[in-house]
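Given the coordinates of chain A, assemble chain B onto it according to the supplied hints.
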Amino acid sequence: MFYELRIMTTSSVSKGCFVFKPSTKKKKTSLTVADYFNEGLKDSEDGKKRFESCQLLWQQMKSQTEQLQEELNKRLFENLIGFLRKSHADFHDKKDDWSCRMRASEIPTAALVLGVNVTDHDLTFNSLADILHETITPYVVLLQSKECPGIKQLLQKLLIQLMGNTADIELDEEEEQVTISQRKMNCSLASLSGWYKRATKKPASPKKKRSSTSTHWESPPVVVIFKDLESFTASVLQEFIVISSGYVQELPLVLVFGIATSPMIIHRLLSHSVSSRLCIELFQSMSCTEHLATVVDQLLLTNHFPFKLSGRALQVLITIFLYHDFSVQNFIKGLQLSVVEHFYTQPLSVLCCSLPESRKRIKNLSHAQCENIRHLSSFMSYVESQTPENQVKLLTNDSFLKEMTQEFLERLTSYHENFTPILRCLHHFTCILPKYPLGKQVRELYCACLEKKVWETEDYNSALLLLRMLAKDEIVTTLQKCVAVLTPYSEKELGHTLEKLEEFLIHFQSLEENTLNGEDEDTSPQKALQKKTDLYQLQKKLLEMKETRRAKKLTKFEMLRQDVVDFIDCIVREYLVPPEMLPLHEVVYFSAASTLRRHLNAAPRVALHTALNNPASYLKTLENEAGSVSNVAPDICIAYKLHLECGRLINLYDWLEAFSTVVHAGEGSDSDSAQQVDEVTHARFIRAVSELELLGFVKPTKQKTDHVARLTWGGC
Amino acid sequence: MSSLAHTAYPEEKLQEVAKLTLCRESQVSTLLSIFGERQHLSFPSIFIYGHTGTGKTYILQTVLSTLELPCAFINCVECFTPRLLFEQILNHLHHHHPAPENEFSSKERCDTFNDFVRLYNRGMSELSLQETFYIVLDKAELLREMDANLLPGFLRLQELTESNVTVIFLTEIVWETFRPNTGCFEPLTLYFPDYSKVELQKILSSEFPVKYSAEFYASYINILLGVFYTVCRDIKELRHLAALNFPKFCEPVIKGEAKESDSHKLWKNIEPHLKRAMQTVYLREISSSQWERIQQEDREASHLKGLSAHAHVELPYYSKFLLIAAYLASFNPARTDKRFFLKHHGKIKKTDFLKKHEKTSNHLLGPKPFPLDRLLAILYSIVDSRVAPTANIFSQISSLVTLQLLTLVGHDDQLEGPKYKCTVSLDFIRAVARTVNFDIVRYLYDFL
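So the protein sequences, as listed, match chains A and B. First residue of the first sequence: 1, per full-length UniProt numbering; consecutive thereafter. First residue of the second sequence: 1, per full-length UniProt numbering; consecutive thereafter.
If we strip away everything but chain A, and leave its shape as in the complex, we get:
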């Protein structure tokens, strides 16, 4: 055995298994992340380097996602800040004019619709709070429904967050300010408005202002953010709004409702008398599918990162997103998992780094790593295609192999460089087609191209057919878009493609000028028809025209269109080859989709069922006897299997008898085992049943004596 188990030698209070590699020399007191990473490596080759590049890569990806998040939220936040400033200005220069006096004082409220991906909201709210802190007001309170079961707790939370917050700001100036005794203080809005008056008066005093506070207004609004409006109790919200509307003259309160479903919920939660105290404005965040599209676009469809997801792995992540949670955070977590998993399981992932760096690393590759390369399936298929001499060289000569590896990696990089722009071009063409045969989003096309040769699919062929029927203006605009995509690559390999596309554009333009001259030939047969003819002649003529039309030469435009489509087909075949065709693609592509699925989309019911129904799948010592109940299986498995055959109510005595029969099945003497159940079997049975009860599979019932109710699937 590779690992050995030592239980006694460790100084642990709790029982447990400790895995040691035989090679471990020193026992470390505290393990770092890197140690954990290296500890479990199956193939410890270059463990340290792999860990470092993994960390580095993930840091880059993470900062990229954070930046992305910020940009995406920017517009929404700008609108919100504008709203806050405005609501605040109303409060600020409250003139004592007629309309102000007559108007009911409403609390300005922003209804922030964020979509059902609740897991992403925390991040949004936190950055919102930060931005508000910086720009508008130091008084921002975040409230969560689970912290506020009653109005009392809500007000407490509000006051503590507000008053504690200024205590932080003025900590060095006035120590005694911090110690407002929470116990003595009444948690009411009256105290809050008293506190606010004093807090806002402060900066006016000659004390030197802090740079952070100077950006705020003289009387900054108090922003209360309800993170999850749906989960707040209606009565708590109503009471809070009624109370605070009485103070809105003295305390410039602004509410922000975080809404996951639809703004209709406001009307459902608040009665008219309450909602009439609010001045609600709606703000909508970007939909999460769009968000995902940008994340895919910026993280996966770029060449900034050496790491790539295989089609199937990407499909798993996208499926979880679209079918289950709509959470971009979870998608990014999944991406992180695949990065870690890739570096953890693939020994050659050490080469998954920037090209110059990999050059160095290739030189230092050990013999074992070279062997690893030789075992890659993509490499093997490459070897098969070579001449016998080369084959021998590749399989025996390490330095030659390293040279080749270098070449392969360079080829991979240039492949990626060409892949994405061409993919985008193709997407520009396919996304204008009716019914979207290759998908509406670029990610769908990307998945399709990653998985197999896209030009062999039916969808691609139908898309090409449709492309051959495009109108001229559509072709021209799409070509222009493609040119725009390719322009940055004009220096490189794709320069030729770019030139060709530009050529097409020029042709189209010249066509436009020529159309005026060419029209007359088209109209001539129509004219012939207009002459007076009898029925027979008309029929004859029509037949003739049909003939000519079939054989008619294509117009110039049609020919050009044909050329364009053929050219696109050609570049697709050249550049959009699936990565599996390339040698050494395993170095950068993570393809263990099943691992991802197992980790991210666990199936607890299925796992429990297999464990109990077929213990051999987990306990390798049991021989596999599918279907039948074996007496060597753990007691709970036997009891579970027997209970599957019962109805909704299970007679305990029958169950016990069946259990005893199974347990003693191997002993041969079947005649006396049926007579009496011995005590040991009885005890084992009771234990098995109570274990099942603990797992929630059965429960005691009062409907019938000596029966238990079955709670599992199918019990009816």
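Please note that a few of the clues may not be correct.
[Claimed, not checked] Ranges between beta-carbon positions, derived for each pair:
| no. | chain 1 | residue 1 | chain 2 | residue 2 | range |
| --- | --- | --- | --- | --- | --- |
| 1 | B | Glu16 | A | Ala129 | 48 to 54 Å |
| 2 | B | Gly366 | A | Asp35 | 56 to 62 Å |
| 3 | B | His51 | A | Leu649 | 29 to 35 Å |
| 4 | A | Thr289 | B | Ser361 | 48 to 54 Å |
| 5 | A | Ile81 | B | Thr182 | 52 to 58 Å |
| 6 | A | Lys704 | B | His312 | 48 to 54 Å |
For the record, the hints were derived by calculation from the structure and aren't laboratory data. Quick caveat: nothing in here was measured; it's all calculated off a predicted structure. Beta carbons: idealized from backbone N, C-alpha and C, even for Gly.
For chain B alone, kept in the frame of chain A given last:
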């Protein structure tokens, strides 16, 4: 000559009260006669009720403050615990205000009614207050949900404290719903009826802006009431609406297109505008500030969609099917599942099948609870592809609960199999089903 005559108070004060309390002369004079002179013992408790916006709070506040009567005006919504209530009354008595100087604390700590009576008496003797002290409890209906001794105690506070105090309850509901089972002191009840249209007209037009003549504003109020009187009699809301839409009414005058006396032209200008306001601003579909912006920019209000227009909710694919399955489970009788979800169910006629009580539409009866297993069984049969019962599916169910699209019924025992109800409307579920090409109506028992 003022309609209010009372010997105890100076004439000019009474006149001021009369000027401020239009159309409530009879109620005010009743109140004043109950109050009596400053030193006189008044009735121990007065119960005043009437609809929202009938001026209860306003009248009491005006009378008490203009006549400078000692009082404590308490809003019961704010005082969610008895302690806060007691302490606030005592603060008012001592003219004490929670402020940073006293660390926002009350004058005295007071937790029980017994303490309150004791502290109140002490305060009275300290201040040697001879006049009647008025304790006004606004939104008194909330007292019913607090401690049981609170309401009876306040009703006979005069007797308990043996001092000159009157407690006034203000509420929107009738006394009969207050009366505790154990019996109590009966207060004097006083009803504030709704303002009539004429009265509303009179009150609202009295507050005309300085720039315009009273007649001009009165004609505007007349049009406003013509539109809104049927739906709203709350004077505060009406005043708010009047202020909100007045600039639009003045617009032709300012532009010089019409004179102040061109009532027909002005009416034609404002009437459709007010009707639109009734459907939008009044229901808070769009906010007042947005409404003002629309007015200023002179846009059509239809450009701005109200809150209800954003009814669409984007859900993950399986969440949609979970919601559909939940809806079916909530509105179909469990016995009919076989008919809908098995291939060879045989023919079951609806009429043979019905029990008597099932003849009424399930949609009229509302959603019924269903167990988790039934939900999953329906889910598996309505989704085309195979669905694995993964952890994600279960977490989706609970997130649907937090989104209030499903509700958990009786969650005392998780092991026993939780039960849910689907709370979405038919329109909503049809919109959801349409996005996944699922014809839900075909699966609903009510629409067979």
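Quick rundown of the hints versus the structure:
For Glu16/B paired with Ala129/A, a C-beta distance near 49 Å keeps the hint of 48 to 54 Å intact. At roughly 59 Å, the beta carbons of Gly366/B and Asp35/A sit within the given window of 56 to 62 Å. The given range of 29 to 35 Å is broken by His51/B and Leu649/A, whose C-beta atoms sit roughly 58 Å from each other. Between Thr289/A and Ser361/B the CB atoms are about 37 Å apart, so this pair departs from the stated range of 48 to 54 Å.
Separation of Ile81/A from Thr182/B is about 56 Å and conforms to the stated range, judged on CB atoms against 52 to 58 Å. Judged by the Cβ atoms, the range 48 to 54 Å given for Lys704/A and His312/B holds: they are separated by roughly 50 Å.
The earlier numbered hints that this structure contradicts are 3 and 4.
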